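Take these sequences, add in the hints, and give me the full structure.
2 protein chains.
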Amino acid sequence: MQLPAMITRLPEADLPFPSSALKTSVLQSHNGQLVFFQIHKDIEIPPHSHKGQWGIVLEGELEMTIGGKTRKYRPGDTYYIPEGVVHSAKVPAGCKAIDFFEEPDRYKVR
Amino acid sequence: MQLPAMITRLPEADLPFPSSALKTSVLQSHNGQLVFFQIHKDIEIPPHSHKGQWGIVLEGELEMTIGGKTRKYRPGDTYYIPEGVVHSAKVPAGCKAIDFFEEPDRYKVR
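Which chain is which? The protein sequence lines are A and B, in order. Number 284 marks the last residue of the first sequence (this note's numbering); no jumps. Number 284 marks the last residue of the second sequence (this note's numbering); no jumps.
I should point out that these hints are in silico values taken from the structure, not numbers from a laboratory. Mixed in with the good hints, there may be bad ones.
Pairs count within a copy or across copies, as identical chains cannot be separated in the list.
Claimed, not checked - When the alpha-carbon atoms are kept at most 25 Å apart in a straight line, the in silico PhoX-like pairs for lysine-lysine are as follows: (1) K246 to K282; (2) K243 to K197; (3) K282 to K243; (4) K270 to K246; (5) K225 to K197; (6) K243 to K264; (7) K282 to K270; (8) K270 to K225.
A quick note: this is a predicted structure, and the numbers were derived from the prediction, not measured.
This is the structure:
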């Protein structure tokens with residue numbers, strides 16, 4: 175599943191991963207940030223927390239631990255991480271997902 | 175699948191359907207409009223066209239005709255409607271979907 179240019183030309187999020195590992199496309203709003211993630215190399219996101227986050231897997235899979243519970247998420251699966259709940263993830267190459275972050279400044283945009 | 179308040183509290187799109195038929199939640203950006211749709215009554219969207227649109231079904235199903243080709247879309251299925259391509263849809267009650275519109279003013283926001 176190819177994301178169209180109308181999405182991939184959106185600005186990128188400033189993340190602590192090399193650009194060879196993932197591509198991000200950020201839809202910036204006053205009401206939050208929505209990020210299209212395309213993962214090219216396996217990545218691990220260590221435990222952290224912030225305001226609310228909701229997401230859906232588009233392609234591939236990811237493993238997430240939310241508030242101590244670990245499960246795999248596959249295309250069409252959605253997840254919700256309430257404010258302050260610690261979460262971490264293992265995301266293999268090939269995963270595509272959308273995440274909506276309640277914070278409009280969750281990421282700096284390049 | 176329940177969409178969290180961080181999404182359902184976003185502003186609504188001004189659409190020609192009664193509010194009993196559907197609920198929309200719009201993430202407004204300079205780079206487009208992303209709309210979460212929750213359909214409460216069967217609706218039909220007549221053939222029309224505009225700039226690019228990309229979407230994914232979250233729950234339930236919908237039938238769409240894009241450029242003369244009709245198919246059903248189910249949770250996790252994505253679709254892309256290039257600029258100018260005529261499309262129409264039959265969306266039964268219970269469907270939830272996300273659509274991203276290239277035009278930042280595709281809908282008036284209430």
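Status of the hints after comparison with the structure:
Taking the shortest alpha-carbon separations for K246 and K282, neither the intra-copy value of 28 Å nor the inter-copy value of 38 Å comes in at or below 25 Å. For a Cα distance limit of 25 Å, the shortest separation of K243 from K197 qualifies neither inside one copy, at 27 Å, nor across copies, at 31 Å. Taking identical chains as interchangeable, the C-alpha atoms of K282 and K243 are never at most 25 Å apart, the minima being 29 Å within one chain and 40 Å between chains. Taking the shortest alpha-carbon separations for K270 and K246, both the intra-copy value of 14 Å and the inter-copy value of 22 Å come in at or below 25 Å.
For a Cα distance limit of 25 Å, the shortest separation of K225 from K197 qualifies both inside one copy, at 23 Å, and across copies, at 24 Å. For the identical chains of this complex, K243 and K264 are intra-copy neighbours only, at 13 Å inside a copy versus 38 Å across copies, given an alpha-carbon limit of 25 Å. For the homomeric pair K282 and K270, the shortest alpha-carbon distance inside one copy (20 Å) is at most 25 Å, but the shortest distance between copies (30 Å) is not. In this assembly of identical chains, the alpha carbons of K270 and K225 lie at most 25 Å apart whether taken from the same copy (22 Å) or from different copies (24 Å).
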